[in-house]
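**Student:** Residue numbers (this note's numbering), protein chains in the order written: chain A, 1 to 327; chain B, 1 to 326.
Keep in mind the hints are simulated off the structure, nothing from the lab. Predicted model only: the values in this text are computed from it and were never measured. Take these hints with a grain of salt, some might be off.
Pairs of lysine to aspartate or glutamate residues, derived as DMTMM-like cross-links and limited to a Cα-Cα distance of at most 25 Å, are as follows [unchecked claim]:
1) A/K40 to A/D17
2) B/K220 to B/E275
3) B/K287 to B/D18
4) B/K220 to B/D18
5) A/K101 to B/E292
6) A/K101 to B/E314
7) A/K101 to B/E201
8) A/K182 to A/D205
9) A/K323 to A/E188
10) A/K323 to A/D228
11) B/K172 to A/D56
12) B/K172 to A/E48
13) A/K182 to A/D220
14) B/K220 to B/D65
15) B/K172 to A/E47
16) A/K304 to A/D287
17) A/K101 to B/E114
18) B/K172 to B/E201
19) B/K172 to A/D23
20) B/K220 to B/E201
21) B/K220 to B/E292
22) B/K172 to A/E296
23) A/K323 to A/D205
24) A/K323 to A/E296
25) A/K182 to A/D228
26) B/K258 to B/D31
27) A/K316 to A/E231
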Amino acid sequence: MTETLTYKQAITRAMSDELASDDSVFVFGEDVGAAGGVFKATEGLFEEFGPGRVLDTPISEQAIVGTAIGAAIQGLRPVAEIMFADFAAVCFDGIVNELAKYRYMTGGQVTLPVTLRMGAGGAGGGFGAQHSQAVENWFLNVAGLKLVVPATPVDAYCLLRAAIRDPDPVLFFEHKGLYNIKADMPDEMPTVSLGTARVARRGNDVTVIATQAMLQPCLDAATALAVDGVEVEVIDPRTLVPFDLETVVTSLQRTNRLVVVQEASHAGSWGATLVSSLVQGQFELFDSAPVIVAAEDTPIPFAKSLEELWIPSTAKVVEAIRKVVSA
Amino acid sequence: MGRTKDASTALTLDQQVDGLRTMLEIRGFEDECHRLFAAGLVRGSTHLGQGQEAVSVGTALALRDGDTMTCTYRGHAATLAMGAPLDRSFGEILGKAEGLCGGKGGSMHLTHVESGAMGSFAIVGGHLPIACGFAFASRFRGTGEVSVCFFGDGATNIGAFHESMNLASVWKLPVVFICENNLYGEYSPLRSTTPLDHLVERASSYAMPGVQVDGNDLMKMHAAASEAVSCARSGEGPTFIEALTYRHKGHSRSDPAKYRPEGELEVWLEKDPIEQCVQTLLEAGVKSERIEQVRADAATSVAGALERAMNWPEPLPASRLEHVYA
Numbered sequence: 001m002t003e004t005l006t007y008k009q010a011i012t013r014a015m016s017d018e019l020a021s022d023d024s025v026f027v028f029g030e031d032v033g034a035a036g037g038v039f040k041a042t043e044g045l046f047e048e049f050g051p052g053r054v055l056d057t058p059i060s061e062q063a064i065v066g067t068a069i070g071a072a073i074q075g076l077r078p079v080a081e082i083m084f085a086d087f088a089a090v091c092f093d094g095i096v097n098e099l100a101k102y103r104y105m106t107g108g109q110v111t112l113p114v115t116l117r118m119g120a121g122g123a124g125g126g127f128g129a130q131h132s133q134a135v136e137n138w139f140l141n142v143a144g145l146k147l148v149v150p151a152t153p154v155d156a157y158c159l160l161r162a163a164i165r166d167p168d169p170v171l172f173f174e175h176k177g178l179y180n181i182k183a184d185m186p187d188e189m190p191t192v193s194l195g196t197a198r199v200a201r202r203g204n205d206v207t208v209i210a211t212q213a214m215l216q217p218c219l220d221a222a223t224a225l226a227v228d229g230v231e232v233e234v235i236d237p238r239t240l241v242p243f244d245l246e247t248v249v250t251s252l253q254r255t256n257r258l259v260v261v262q263e264a265s266h267a268g269s270w271g272a273t274l275v276s277s278l279v280q281g282q283f284e285l286f287d288s289a290p291v292i293v294a295a296e297d298t299p300i301p302f303a304k305s306l307e308e309l310w311i312p313s314t315a316k317v318v319e320a321i322r323k324v325v326s327a
Numbered sequence: 001m002g003r004t005k006d007a008s009t010a011l012t013l014d015q016q017v018d019g020l021r022t023m024l025e026i027r028g029f030e031d032e033c034h035r036l037f038a039a040g041l042v043r044g045s046t047h048l049g050q051g052q053e054a055v056s057v058g059t060a061l062a063l064r065d066g067d068t069m070t071c072t073y074r075g076h077a078a079t080l081a082m083g084a085p086l087d088r089s090f091g092e093i094l095g096k097a098e099g100l101c102g103g104k105g106g107s108m109h110l111t112h113v114e115s116g117a118m119g120s121f122a123i124v125g126g127h128l129p130i131a132c133g134f135a136f137a138s139r140f141r142g143t144g145e146v147s148v149c150f151f152g153d154g155a156t157n158i159g160a161f162h163e164s165m166n167l168a169s170v171w172k173l174p175v176v177f178i179c180e181n182n183l184y185g186e187y188s189p190l191r192s193t194t195p196l197d198h199l200v201e202r203a204s205s206y207a208m209p210g211v212q213v214d215g216n217d218l219m220k221m222h223a224a225a226s227e228a229v230s231c232a233r234s235g236e237g238p239t240f241i242e243a244l245t246y247r248h249k250g251h252s253r254s255d256p257a258k259y260r261p262e263g264e265l266e267v268w269l270e271k272d273p274i275e276q277c278v279q280t281l282l283e284a285g286v287k288s289e290r291i292e293q294v295r296a297d298a299a300t301s302v303a304g305a306l307e308r309a310m311n312w313p314e315p316l317p318a319s320r321l322e323h324v325y326a
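Please build the complete structure, drawing on both the sequences and the hints.
**Tutor:** Right under this line is the structure:
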């Protein structure tokens with residue numbers, strides 16, 4: 001019988017399977033043990049693997065990140081939870097100055113198989129400006145980190161296992177707005193390596209790239225536009241670093257038109273980075289100017305009516321696609 | 001230099017002489033660094049530790065293979081005390097291919113994992129959480145390895161210090177926090193930034209044993225470190241050691257240390273850890289000829305190491321792209 005799991009359950013399953021298969025793996029963070037995590041993403045792990053492998057920490061993100069670094073250098077595979085990704089700001093030094101640079105500064109004397117899981121994104125949930133941000137963009141300018149942004153339960157499972165097994169530091173962004181989406185799990189789970197995009201919908205007229213919660217408005221826009229004969233290809237990069245540029249370029253060679261949709265403001269974002277590198281390096285691919293559908297340049301507002309205006313909507317995606325295909 | 005086999009015992013005379021040799025090598029290394037910087041042969045900044053050698057050397061003598069050490073950007077002494085080779089340490093500061101980190105770290109990031117010198121960190125307090133991680137790995141695997149962490153008095157006012165002290169205590173991690181109190185956080189006297197005269201009082205907030213020790217006395221430093229290390233190794237958890245010491249030079253190469261009251265340096269020069277150690281050894285019956293030989297040997301090894309390092313090639317251009325990822 002096919003098993004159906006939520007995105008959150010898939011994440012728990014991935015940790016459980018890694019804890020079971022590799023005794024150097026441990027899971028730790030605030031309330032992840034006995035309480036099962038504030039998002040319940042670690043539910044059952046404490047009971048199954050015990051307090052030696054699933055540990056509650058004080059509310060001390062700097063201590064969490066540092067502990068992960070030291071433990072990883074000694075050959076363990078720490079999986080640390082930074083409850084809300086926004087809290088990465090209070091351990092930014094550990095992530096950016098220590099975790100990301102340690103191997104480089106020491107001339108390769110150490111490896112850092114660290115996985116930092118974070119409850120990310122989630123604008124639309126009414127969490128306000130300090131609990132809703134897509135903070136993966138903060139780390140784009142920091143060499144040495146890998147950034148994973150799964151959108152489906154199957155990808156959440158496969159990519160988390162890949163992250164834990166990866167020899168490098170991985171920031172694993174779990175989109176809070178997706179925790180409860182469900183999907184049938186294949187009988188045999190595929191192996192997904194970091195740096196391989198997924199084509200979520202095939203089409204020949206325009207390439208649309210989006211991650212996580214922005215994929216659904218893109219797929220909805222594609223359905224709407226199909227009625228008018230516009231065939232939209234939707235690509236989910238799945239990881240921002242490493243980025244699967246090849247899949248995007250292959251798509252653009254057919255469509256020659258690009259729209260990027262992101263749950264983040266424009267400045268310093270992955271979409272802006274992608275467009276600038278494509279325009280600089282492969283300008284000849286474009287028949288029209290690429291468009292980035294970004295969130296507004298404000299902190300994320302609280303009121304439902306205001307927050308809905310902040311997030312790129314299906315209507316905005318449709319409008320952007322019409323613009324690039326008609327140009 | 002060699003670690004002692006049994007950390008709990010007092011140092012033999014031979015071990016004390018070895019300790020003296022290491023302190024002399026470190027002093028020679030730092031003096032050469034000072035000269036190289038002044039001559040414009042080294043880039044960036046440097047933070048020298050002349051006067052603080054006994055803290056690192058006394059502690060290193062209390063460790064055994066497998067133990068780990070993390071330290072600050074004023075970390076030449078601690079890294080050398082753990083056993084990093086002099087020539088490759090010079091090489092790193094000179095940005096050479098054979099440097100400890102292949103020329104990608106520099107003075108502030110000396111690291112020699114092979115000897116347990118796990119890293120020098122240039123963000124104040126940034127490495128204290130990492131020291132907890134090394135200790136956690138030891139506890140997780142049951143290896144009995146101890147994580148020693150050096151930092152300055154200034155670091156006791158940064159958040160990472162408090163998070164690390166708290167976590168180490170609540171998890172009873174085998175870590176020894178060693179605060180090198182040299183009386184100045186960069187250019188500011190301690191009392192202008194800290195509401196305590198004795199930093200050791202910080203330990204009680206974390207239900208952790210706290211020890212204040214004369215950091216300029218090699219034997220006292222070794223004894224304090226040994227006790228803390230043995231507590232950590234036997235599962236009793238962390239200790240906070242406040243080692244009272246003094247840096248003879250300014251904060252960094254651009255600092256002439258004019259903020260120090262007149263006569264203060266002279267008082268501390270009288271308490272120079274190397275000369276104190278020499279005096280103790282002479283009183284214990286070590287012949288002055290042997291001491292002079294140790295001084296000469298240390299000078300020779302420093303000079304030879306520097307000469308080798310100066311002749312090493314620059315790193316290959318392609319090496320800059322290596323070690324970003326595994």
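**Student:** Now tell me, hint by hint, if it's right for this structure.
**Tutor:** A quick look at each hint next to the structure:
1. A/K40 to A/D17: 17 Å, holds
2. B/K220 to B/E275: Given that 25 Å is the threshold and the Cα spacing comes to 15 Å, the pair holds.
3. B/K287 to B/D18: 14 Å, holds
4. B/K220 to B/D18: Distance of about 16 Å is within 25 Å: holds.
5. A/K101 to B/E292: Distance ~43 Å between A/K101 and B/E292 Cα, so the pair is violated.
6. A/K101 to B/E314: Status holds; Cα separation ~21 Å.
7. A/K101 to B/E201: Violated, at about 34 Å.
8. A/K182 to A/D205: 30 Å, violated
9. A/K323 to A/E188: Roughly 42 Å separates the two Cα atoms, so the pair is violated.
10. A/K323 to A/D228: 14 Å, holds
11. B/K172 to A/D56: Holds, at roughly 14 Å.
12. B/K172 to A/E48: Holds, at about 24 Å.
13. A/K182 to A/D220: 18 Å, holds
14. B/K220 to B/D65: 22 Å, holds
15. B/K172 to A/E47: Given pair B/K172, A/E47 holds - Cα atoms ~22 Å apart, limit 25 Å.
16. A/K304 to A/D287: 38 Å, violated
17. A/K101 to B/E114: 19 Å, holds
18. B/K172 to B/E201: Given pair B/K172, B/E201 holds - Cα atoms ~19 Å apart, limit 25 Å.
19. B/K172 to A/D23: 22 Å, holds
20. B/K220 to B/E201: Holds, at about 20 Å.
21. B/K220 to B/E292: Given that 25 Å is the threshold and the Cα spacing comes to 23 Å, the pair holds.
22. B/K172 to A/E296: 47 Å, violated
23. A/K323 to A/D205: The given pair, whose Cα atoms are some 12 Å apart, holds under the 25 Å limit.
24. A/K323 to A/E296: 19 Å, holds
25. A/K182 to A/D228: 30 Å, violated
26. B/K258 to B/D31: 20 Å, holds
27. A/K316 to A/E231: 17 Å, holds
Comparing the model with each numbered hint stated earlier shows that hints 5, 7, 8, 9, 16, 22, 25 do not hold.
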